[in-house]
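> Take a look at the letters that make up each chain.
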Amino acid sequence: MTTIPEAPESTSPKGEYIDAGKAINHSQLSSLKHSAPNVTKGIDYERILKARTAEPQNWITYYGAYDGQRHSLLDQINTDNVKKLKVAWIHQASSTGLIASTSTYAFEACPLVVDGIMFVTGWDGFLWALDATTGEQLWRYKHAVPFDITLCCANVNRGCAVANGKVYMVTQNAQLLCLNATNGEKIWHKAIGDVRAGESASLAPLVIKDTLITGSAGGEYGVRGHIDCWDLETGDHKWRTYTVPKPGEPGSETWPADGEAWARGGGNHWVTGTYDPELNLYFAGTGNPGPDFDGEVREGDNLYTDSVVALDVDSGEIKWHYQFTPHDLWDYDSTMEMTLFERDGKKLLAHFDKNGYMFVLDRTNGELQHVTPFVDRIDWGVITRDGKVTPRKYPEKEGEPVHFFPGPAGAKEWTHAAYNPNHDLFYVPVADVGATATRRRREFKEGMPYWGAAVEVDIDNMAGSVSAFDSHGEEKWRYRMDMPMAASILSTAGNLVFAGKPTGEFMAFHAETGEKLWEFQCGSGHHSSPMTYTVDGKQYIAVPVGWGGWLEGIIPGMSAQGHGASLIAFELSD
Amino acid sequence: MPMKTQDRSELLSKLGLDGQNKATIGRVLSTGSIGEATERPDGTMEATIRIGEDEMSWEPSILVLPHGGTCELTIINDDTNTHACLLPSNGDKKFIGLLNGSKGTATIELDGPGYYWYGSPAGNDEGRGLTAAIVVSGEVPPEAKLDRPAQSRP
Chain C
1 MTTIPEAPES
11 TSPKGEYIDA
21 GKAINHSQLS
31 SLKHSAPNVT
41 KGIDYERILK
51 ARTAEPQNWI
61 TYYGAYDGQR
71 HSLLDQINTD
81 NVKKLKVAWI
91 HQASSTGLIA
101 STSTYAFEAC
111 PLVVDGIMFV
121 TGWDGFLWAL
131 DATTGEQLWR
141 YKHAVPFDIT
151 LCCANVNRGC
161 AVANGKVYMV
171 TQNAQLLCLN
181 ATNGEKIWHK
191 AIGDVRAGES
201 ASLAPLVIKD
211 TLITGSAGGE
221 YGVRGHIDCW
231 DLETGDHKWR
241 TYTVPKPGEP
251 GSETWPADGE
261 AWARGGGNHW
271 VTGTYDPELN
281 LYFAGTGNPG
291 PDFDGEVREG
301 DNLYTDSVVA
311 LDVDSGEIKW
321 HYQFTPHDLW
331 DYDSTMEMTL
341 FERDGKKLLA
351 HFDKNGYMFV
361 LDRTNGELQH
371 VTPFVDRIDW
381 GVITRDGKVT
391 PRKYPEKEGE
401 PVHFFPGPAG
411 AKEWTHAAYN
421 PNHDLFYVPV
431 ADVGATATRR
441 RREFKEGMPY
451 WGAAVEVDID
461 NMAGSVSAFD
471 SHGEEKWRYR
481 MDMPMAASIL
491 STAGNLVFAG
501 KPTGEFMAFH
511 AETGEKLWEF
521 QCGSGHHSSP
531 MTYTVDGKQY
541 IAVPVGWGGW
551 LEGIIPGMSA
561 QGHGASLIAF
571 ELSD
Chain B
1 MPMKTQDRSE
11 LLSKLGLDGQ
21 NKATIGRVLS
31 TGSIGEATER
41 PDGTMEATIR
51 IGEDEMSWEP
61 SILVLPHGGT
71 CELTIINDDT
81 NTHACLLPSN
91 GDKKFIGLLN
101 GSKGTATIEL
111 DGPGYYWYGS
121 PAGNDEGRGL
131 TAAIVVSGEV
141 PPEAKLDRPA
151 QSRP
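For the protein sequence lines, the chains are C and B, in the order given.
Sequential numbering of the first sequence, starting at 1, is according to the UniProt record's numbering.
Sequential numbering of the second sequence, starting at 1, is according to the UniProt record's numbering.
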């Protein structure tokens, strides 16, 4: 094939050109104010430490508080009046032109609210600042995301962080951005990953002290996962901790001694971690090993994949770890939230893993307390209550299909559980769907998918639920569905639990009984994280809506349901 | 049967894929020329993109930037119809209206590597052929690379 020659120079039909001027920012052709009150100016570490109790009107960090409980103390909306919820406003998000992964874009974010201003990220580099009482767009930022960026598994972003008059987000092409919170103008940005290697970024950064914690995505492309710490003001790099050790480092004995399996080992931290200020530990979940389904090329337990690693936030040193699925052969990431709670005076951590089991650990040292299954169908293997793992069904022989439960999206994907400490209840979005994987070995090549299998998730015979478990793992109630749950749960002191279905219904349940008290059809499926806040004494419930993401993995039977792209806020009617 | 040995531009012409109202109604995207931006001493880049008369396509249809950063574009509409240009840029897209026989400029900032689409957001200009690519080549900064031995690529 030859290069097509450049077109010849041409002149205007009239011999001279009309001056078209200089291109302007597209948002100038809108009603945007391009400014917002400087509400994040006073947000600092001390305020985030007390976020839940000192300012329940706000939601100033990804989970609402460092402990990851996703539980709000607001109770104006409660079991007595929740039937009176109505739409307060709708933010319709949209984009123009061709975007990366056109078929998968979706909201996967949890909005933040600070003193009446909402900050929410979308797909393809969007961040909006909205008036949280009216939904009016105040400013927006749009990063240019390459069309050919490597994404596993969708054009999504889970949220932002705020502090010191700034807003922080990562982009799909692995950039970390610091924006002026009053107008969205960029202050600095850093490349935090190698897009040619298949790295991207999707998590909400977390502000701790005067730093920001981020992680990487790309575990399906044979990258080496890492967690990074950045200076809040300057963006200077403070530390990086790889979640797969190099030869000679602690944990390297769990990888083949010869070859470079470790260099393609995965273990990405693609969902925001939680933090205990007394222990000075950041609890990071890590993703699947690479290749996902071909374990023969990476014999061993493959630390620190599918684990929680407890990092000293000042140094990045791994103080302890616990691996939920040693030598994973099913794509069972453990990136999902590590919820911090106390029981009988003991500092504990709960985790609902893709592998279908609920783990409770002593978060001071990683010691296992107990393990309990939380989904009906598990046949990939068995984990006993004291943590002994016995694999049973897995892709072993080349070309031989193996069906197993749960499928690679797990019994719970990234979407978050919530915890109400008053009832000692975890509310869990459960998925019950299987998959067939057929091992297909392939040579590793940088930037190419590195699964080691052909994978097909079941399109029928699926189920799901919103399930309530106490911290010992005993199920207290269940709202059954004929498809997986694919959205985060919100718990409030109004004795309510909020959850959205793939079919669009946004529901409120009684926190103690599971009785459905209210629902609203949002017009598109739910795959994000609802939150709550108050402004001028009025409580709102906000939920990003829109069907997309890694649907072929999570719920392929609903992958043609159609997109949506709205953020809906609810309030009580008078 | 694909005709792999025949020159691509001849095939595009023969099959009527490289113009308006031939085999297709509009023009298939990226069937025009390939151009490269020029790098200035300060590291910024410059290039010209153009709409020819009755072509309904951008020339070049693929513009290659040697690396990420700032690029100043001269944008020319030689067509006898009105169009526009909406370009990717970090922070916000850049828009310029293009009356018949007009010329303007745009300054864009793009990360590299990767490629981006831009177009004329008017009617179905984008579908008729007024969608083109900007390719940013190069590598990420050394500090953003993984600590591992060099790996083979496809």
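The hints are simulated quantities; they were obtained by calculation from the structure and are not laboratory data.
On a predicted model such as this, the values are computed, not experimentally measured, just so you know.
Wrong hints could be hidden among the right ones.
[Unchecked claim] Capping the alpha-carbon separation at 25 Å, the derived lysine-lysine pairs in PhoX-like fashion look like this:
#1 Lys-209(C) - Lys-84(C)
#2 Lys-190(C) - Lys-145(B)
#3 Lys-145(B) - Lys-186(C)
#4 Lys-246(C) - Lys-145(B)
#5 Lys-476(C) - Lys-346(C)
#6 Lys-445(C) - Lys-145(B)
#7 Lys-186(C) - Lys-41(C)
#8 Lys-445(C) - Lys-476(C)
#9 Lys-14(B) - Lys-238(C)
#10 Lys-445(C) - Lys-83(C)
#11 Lys-445(C) - Lys-84(C)
#12 Lys-238(C) - Lys-319(C)
#13 Lys-50(C) - Lys-476(C)
> Against this structure, judge whether each hint is valid.
Results for each hint:
no.: 1; hint: Lys-209(C) - Lys-84(C); in the structure: 41 Å, violated
no.: 2; hint: Lys-190(C) - Lys-145(B); in the structure: 12 Å, holds
no.: 3; hint: Lys-145(B) - Lys-186(C); in the structure: 23 Å, holds
no.: 4; hint: Lys-246(C) - Lys-145(B); in the structure: 15 Å, holds
no.: 5; hint: Lys-476(C) - Lys-346(C); in the structure: 22 Å, holds
no.: 6; hint: Lys-445(C) - Lys-145(B); in the structure: 16 Å, holds
no.: 7; hint: Lys-186(C) - Lys-41(C); in the structure: 16 Å, holds
no.: 8; hint: Lys-445(C) - Lys-476(C); in the structure: 48 Å, violated
no.: 9; hint: Lys-14(B) - Lys-238(C); in the structure: 59 Å, violated
no.: 10; hint: Lys-445(C) - Lys-83(C); in the structure: 55 Å, violated
no.: 11; hint: Lys-445(C) - Lys-84(C); in the structure: 56 Å, violated
no.: 12; hint: Lys-238(C) - Lys-319(C); in the structure: 18 Å, holds
no.: 13; hint: Lys-50(C) - Lys-476(C); in the structure: 30 Å, violated
The structure is inconsistent with the numbered hints 1, 8, 9, 10, 11 and 13, although it conforms to all the rest.
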